[in-house]
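Chemist: Chain by chain, the residues run as shown.
2 protein chains.
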Amino acid sequence: MNSEIGINSPIGIFDSGLGGLTVVKAIRERMACEDVIYYGDTAHVPYGSKSKETIVGFTQDAVRFFLDHDVKCIVIACNTATALALPEITAPVPMLGVIEAGARAALAVSKNHKIGVIGTSATIASEAYPNVLRKMNPECAIYAHPCPLFVPLVEEGWLDREATKMVVKEYLTPLKMAGIDTLVLGCTHYPLLANVIGEFLGPDVKLVDSASACAAELESILKERGLLRTEGAGSETFFVTDGAAKFAETGSRFLGRDLQAIKFTPSR
Amino acid sequence: MNSEIGINSPIGIFDSGLGGLTVVKAIRERMACEDVIYYGDTAHVPYGSKSKETIVGFTQDAVRFFLDHDVKCIVIACNTATALALPEITAPVPMLGVIEAGARAALAVSKNHKIGVIGTSATIASEAYPNVLRKMNPECAIYAHPCPLFVPLVEEGWLDREATKMVVKEYLTPLKMAGIDTLVLGCTHYPLLANVIGEFLGPDVKLVDSASACAAELESILKERGLLRTEGAGSETFFVTDGAAKFAETGSRFLGRDLQAIKFTPSR
Chain B
1 MNSEIGINSP IGIFDSGLGG LTVVKAIRER MACEDVIYYG DTAHVPYGSK SKETIVGFTQ
61 DAVRFFLDHD VKCIVIACNT ATALALPEIT APVPMLGVIE AGARAALAVS KNHKIGVIGT
121 SATIASEAYP NVLRKMNPEC AIYAHPCPLF VPLVEEGWLD REATKMVVKE YLTPLKMAGI
181 DTLVLGCTHY PLLANVIGEF LGPDVKLVDS ASACAAELES ILKERGLLRT EGAGSETFFV
241 TDGAAKFAET GSRFLGRDLQ AIKFTPSR
Chain C
1 MNSEIGINSP IGIFDSGLGG LTVVKAIRER MACEDVIYYG DTAHVPYGSK SKETIVGFTQ
61 DAVRFFLDHD VKCIVIACNT ATALALPEIT APVPMLGVIE AGARAALAVS KNHKIGVIGT
121 SATIASEAYP NVLRKMNPEC AIYAHPCPLF VPLVEEGWLD REATKMVVKE YLTPLKMAGI
181 DTLVLGCTHY PLLANVIGEF LGPDVKLVDS ASACAAELES ILKERGLLRT EGAGSETFFV
241 TDGAAKFAET GSRFLGRDLQ AIKFTPSR
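Heads up: the protein sequence lines correspond to chains B and C, in order.
Mapping of the first sequence onto this note's numbering: residues 1 to 268, in sequence order.
Mapping of the second sequence onto this note's numbering: residues 1 to 268, in sequence order.
No false leads were mixed into what you were given.
Since the list gives no way to pick out one identical chain from another, each pair is judged satisfied if it fits inside one copy or across any two copies.
Simulated pairs of lysine-lysine, DSBU-like, Cα-Cα distance not exceeding 35 Å:
#1 Lys206 - Lys176
#2 Lys246 - Lys114
#3 Lys25 - Lys176
#4 Lys114 - Lys206
#5 Lys111 - Lys165
#6 Lys223 - Lys263
#7 Lys246 - Lys135
#8 Lys176 - Lys114
#9 Lys246 - Lys206
#10 Lys246 - Lys52
#11 Lys176 - Lys165
#12 Lys263 - Lys52
#13 Lys263 - Lys246
#14 Lys114 - Lys165
#15 Lys169 - Lys246
#16 Lys169 - Lys206
#17 Lys165 - Lys52
Keep in mind that the hints were calculated from the coordinates and are not lab data.
With the rest of the complex left out, here is chain B (with noise of 0.2 Å):
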């Protein structure tokens, strides 16, 4: 850990892609004075149907491109990522993910605490959720399900598509069956479907998503630490694996706004 670190230090936030700006949104939100230093490994999206090695690996390489430029904290904004990498990986800065700040979301909105969870299909088979969630309440009754076609769709930016609706049908039913109150959007991607989900599911299930959860726990903990930042404009430099044209396009239909400064770096 550099000595160099500290209040004044960036805030590094990784995705597999696309998905953290999300999370990048709600942390701009909430702590405006923050440099944000974004990493997307577009050169290997998506994670969601790849071995736990590899994903691990992959995160690992995110973490250490964070150290070489001296972050104060890592953000996990991928819920693969911190379902399967993030138990298994140490460093010497604090190091958040998205899935125990949704579970607390989720189980502070449900009433009849049935609670679906959505995501890729390695972060459902992992049960991260599921286990969380247990933990927190061990009453509640967990519906989980894997969307792996969320992903490619929201991509191709058919955001409210007949075919979405049906897919968004397909895989919902079972949890609409359950009589769940309460939908946890466990991937980055899904918060751009929570239109034509909400629709489906109808006004008595709400979303939650982790991005703004995430982001009111990483105020918290900078700010026990003395390392919030409450002076400075804030700055927020993008670094991405592959593709820095196609991810400034498609990028600004997740932060809700034009992306500036978004530099290549090779993957490993």
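Following the hints, position chain C against chain B.
Modeler: Positioned in the frame of chain B, the structure of chain C alone reads:
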């Protein structure tokens, strides 16, 4: 080049993931005596949304792997890698892609010379098919369209669902309107959607996949160089850079039978 390379050396077949198994199938049906080594780069799949530089790098790794295994020739069974990487790479053994074979097959069956081409975003953006088709026949009219959701649909096993039919309709309506009589399935995943695609386009549109055309071309190259094996049982070995178990499971769908001898090889 190893001096041991000769008629009994294996054929190397490369794909970004599973799709190349349709080419393995065609090669084995035509040249049953040959030993085949397959390299599926499942740690980095899909290629279709990535940049040229990245795809060239991944393909170079595959070629190096094959040269270490003393193959007598290399088949790039991935349309995206053929389109973007094959023109950039040299090797001391014959290398063969799928695009020329597919284009030749399309021109052989088309009567009105209105030819549709579908593939990944990278393949279509490369213009590889139109360039080759126009070189072979300057008169033909080409209608190309990227279909990025087809690969995830095939990987999910949704070969005949309503949602799949809707995606097919969305992507292929402009090609149908254009009056094509031939459609090149320019991605090795797409033959698994041939039924739904054929149903939508009707019996007057011929579907061409490059697997069998590529196998025929390979046979004549080997024969020409005195490298065609006509005795022996032939074996097949599959190497993947991630997820051997999943590869075995989904791979049988492509190969039409169970896969044996799947080995893990780390990428790079």
